[in-house]
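Residue strings, one per chain:
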Amino acid sequence: MTPSLHFRSVGQPVRRNEDERLITGKGRFTDDFSLPGQAWGVMVRSPYPHALIQGIDVSAALEAEGVLGVYTGADLAADGIGEIPHNPVPSTQFDLKLTGRGGTPVYIGEHYLLPQDRVRHVGEAVAMVVAETRQLAQTAAELVMVDYEALPFVTDTSAAAEPDAPRLWDALPDNVLVDSWHGDRENTEAAFARAAHVISMRYHLHRVTGVPLEPRASLGHFDVETGRYTLWAGSGGAVRQKQELAKVLGIEPARVRVISLDVGGNFGTRNRAFVEFGLVMYASKKLGRPVKFRADRSEAFLTDYQGRDLVVEVALALDADGKFLALRSDNLSNIGSRCVSLSPLSKGSGLITGSYDIPYATLRSRAVYSNTMSTQAYRSSGRPEVTFAIERLVDKAARALGYDRLELRRRNLVRPEQMPYVNAVGSQYDSGEYEKNMDRVLELADFAGSAARKAEALARGKLYGVGFSNYVESSIGTPKERADLIVRPEGVEVVIGTQPAGQGHETSFAQVTADLLGVPFETVKITLGDTDVVTAGGGTHSGRSMRHASAVIFLATADLVEKGKALAGEKLGVAPAAVEFADGVFRTADTNITLDWFDLARIAAERGETLMVRRDNEMHTPVFPNGACVCEIEIDPDTGGLEIKRYTTVDDVGRCINPMIVHGQTHGGIAQGVGQALWEGCVIDPETGQPLAAAFTEYGMPRFDNLPSFVTEIAEVISPTNPLGVKAGGEGGTTPAPAVITSALEDALAEFGPPDISMPFNPFKIWSAIQTGRKAAKLERAA
Amino acid sequence: MSLLTLTVNGAEVSREADDSTLLVEFLREHLGLTGSHVGCDTTQCGCCVVHIDGVSAKSCTVLAAQAGARKVTTIEGLAGGDALHPVQRAFREHHGLQCGFCTPGMIMAAAELIATYDGKLDEHAVREEMEGNLCRCTGYHNIVRAILAAAEEINGPDRVVRPASGHAPGHAPVEETA
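Chains as they are written, first to last, in my numbering: chain A, 1 to 783; chain B, 1 to 178.
Just so you know, the hints here were simulated from the structure itself, not pulled from any lab data. The reader is advised that the hints may include incorrect statements.
[To be verified] Calculated Cβ distances over 10 Å to all of chain B for the following chain A residues:
id	residue
1	Arg16
2	Gly55
3	Pro152
4	Ala605
5	Gly753
[Unchecked claim] Here are the simulated DMTMM-like cross-link-like pairs (lysine to aspartate or glutamate), alpha carbons at most 25 Å apart as the crow flies:
id	chain 1	residue 1	chain 2	residue 2
6	A	Lys645	B	Glu123
7	A	Lys26	B	Asp41
8	A	Lys525	B	Glu93
9	B	Lys71	B	Asp82
10	A	Lys645	B	Glu129
11	A	Lys775	A	Glu618
12	A	Lys571	A	Glu687
13	A	Lys26	B	Glu12
14	A	Lys525	B	Asp82
15	A	Lys26	B	Glu76
16	A	Lys462	B	Glu123
17	A	Lys26	B	Asp53
Built from N, CA and C at the ideal position, the CB exists for glycine as well.
Start from the sequences and build out the full structure, keeping to the hints where you can.
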């Protein structure tokens, strides 16, 4: 029986179930939990980017007021505490297969909670001090004496990949842990050989960090009586944390409970275990007291998992008519000092041809260790990087060859009738109407009127630029999800293993469940984030949650309807097959008696039973959200100051469950993508290896007064890959943003030639580009 | 250690606390009022904004002792009883929050802005005045709309300039598919 697809709630901007607690100060973030007898843990962190640990003297710290314990890597090893099993190589059937050189396994350097041999980045924790209060622990941490012997270090992405770069891991001959080739080299080379034009570029998509506003925190409690650990820690998936931390502690997963209720932002940075999660659990057992850790903002800047950091060398071959023939790309990802995730490299690798029909491509994908904090999937993992590469290349080609940049795109877009379309590196785009997105966004943005706006700005002595970008991205993610559907006389409960950090699952999942069961939205409650209730689930990343949740809820609903029919049949005295179900009501053709879900729940309860199903689903097929984006910027040539005047997007998210939430996701995604282009950057001093952005005073954030309001539209091309036709809505705002801002900047500075400057485009860089351009023009006139 | 006596959300409270205790620590750790959040250590993010004698203050940079003789209002006490303050209602209605971590500080700062702003509140003024509060989820778009809607409810339509919608009109209805 197929559940009803008669939508009442789905597609509506239903106000969120989450909000009442969050607007009244009753949120349940990690640091909001405190336990009687709780002590505080503070980390001793490395000031060196690379150094041998010759010894750690904890004696003075142990003597300090209020100190309960000081722990080092040696203590953990003596107690049998293991490595974090990050499982960094993406492994669904649809992920590009990343390997070491010549197909060898990827070398994954160990990641213990505290290292014994050496520190590999500034900020790496080398010891934990636990004391009665946070302040006492901070004071005592200053007394831990670590004997470091500084080693040569490397932080720059390209430099780290050089054969003679300082090495992070003795087991590797250099720092390159992934070096694999994809696509069709022979045909790509042949296409380049016969091409009329070849356009190329090299760019470093710099490193940024996620900056969830809730600093990461963890509270561990070991219960001596039950032998169980409880960890409160906001993350991207409590079930994953439970499994991994059980391995770290060397115990059965059943002895670990992880609680992750309200999570104050994630954006990918919280998807993997942090060392402090295991450390508070360990210390709680050692001390027989709960132990809490909360990162300072500077610790978060230094040691939250970071994002991007990809060097791209890319070349596009075109024929004499501007048709794209082939693409060559060399992508080098800086994964930092521990290999936590190769998702950014992998996700980007599958999308190097972007929204365009390019018959052949060759890709060399490399990943490199460096003396920096580890990188991880960050909002739209890997996709803004490759979108930037292809979109900038197309603009460059249009300029160099004299094409209109929009016309050149139209000539090469993947067309709807080619769907499903397999791109040149093997990714199968499920559906999409790419040119329609372009048409619509140009209309919404009043692109036709931009020339007049530009003329008006120029008349005021300003520079004005109009940027454009298409994008296509992929949503893959962990393939397994589980849902428990429980119908009680008072309402329906859905227990599911995704992990929102603001995406509104308690609302959108309830909308889906309500419509599939035919019950009012208000009767459905979604339960998440406590592994004693949520037994399995893949967490939230890669835009997987709405698609996986709606699919497994759809399947669970079908099972539940069968159960309902059996129960109704018994009550009505007919065979289950004689019971019809529609719009939440069970009936037979012979009587006018009807039963709804809550009647059945009461009948079950009278028998001491519960009307429920548990359903597991495994779904590997990816989806490919896509869209287009236009922005207009104004620059003050005297200061280099940049203002975004208009920002317009069209995003195909597949079926949109809650447009209010999806628009909100787009807005936030835009801000993060624009942030990378204009303000944000994890800058490291090349001389000392010291990170220079460790506070909000040093790391440029998107703020109220540097962003405009946006115009966003949702396109719904239903995906054929899953029951409700969902794609994803969380990352489309971010994916084209660095490309579209750069496009606008190039347009604004066109009279000076395309600026040779790197993101983030701060006023000084823009002003300098204008001065350089003016000087060059003056010299030209003089000559 | 000293005995600190404060008026918080209309009630007088006394607790033994270290002299160096910050107001936000006092609220969170001593009184269990965990609605005021700590998002940074540099008075930048605004997650900890409370009202001290009706004026917005970042409670991470005020000693609890400094608030001794004054009236402190937190997000938990902004509205009376079970009712919601118009700013709280507007944040929900206009989807002005996602993860909700910055939200208490945003709401407190916005409530004071609306209560004290002399002129006609428009998008530009909201963006300028609220610059001391950071949000990482919303791109600020819907927060601006929430604040202007609440201002309209509190001060009347004559003292607000409504923002443009920001959404293209709806999204096309789609065919039912299985």
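So, going through the hints one by one against the coordinates:
1. Arg16: violated, 7 Å
2. Gly55: The claim stands: Gly55/A keeps its Cβ more than 10 Å from every Cβ of chain B (closest is about 31 Å).
3. Pro152: holds, 33 Å
4. Ala605: The claim holds: Ala605/A sits with its nearest Cβ about 31 Å from chain B, beyond 10 Å.
5. Gly753: holds, 32 Å
6. Lys645/A <-> Glu123/B: holds, 14 Å
7. Lys26/A <-> Asp41/B: holds, 22 Å
8. Lys525/A <-> Glu93/B: Holds. Lys525/A to Glu93/B sits at ~20 Å (cutoff 25 Å).
9. Lys71/B <-> Asp82/B: With Cα atoms ~21 Å apart, Lys71/B and Asp82/B stay inside 25 Å; holds.
10. Lys645/A <-> Glu129/B: holds, 20 Å
11. Lys775/A <-> Glu618/A: It is violated: about 61 Å lies between the C-alpha atoms, which goes past 25 Å.
12. Lys571/A <-> Glu687/A: Answer violated: Lys571/A to Glu687/A is near 79 Å, above 25 Å.
13. Lys26/A <-> Glu12/B: Status holds; Cα separation ~21 Å.
14. Lys525/A <-> Asp82/B: holds, 21 Å
15. Lys26/A <-> Glu76/B: It holds: about 8 Å lies between the C-alpha atoms, which stays within 25 Å.
16. Lys462/A <-> Glu123/B: holds, 23 Å
17. Lys26/A <-> Asp53/B: Status holds; Cα separation ~23 Å.
Violated hints, in rising order: 1, 11, 12; the structure is consistent with all others.
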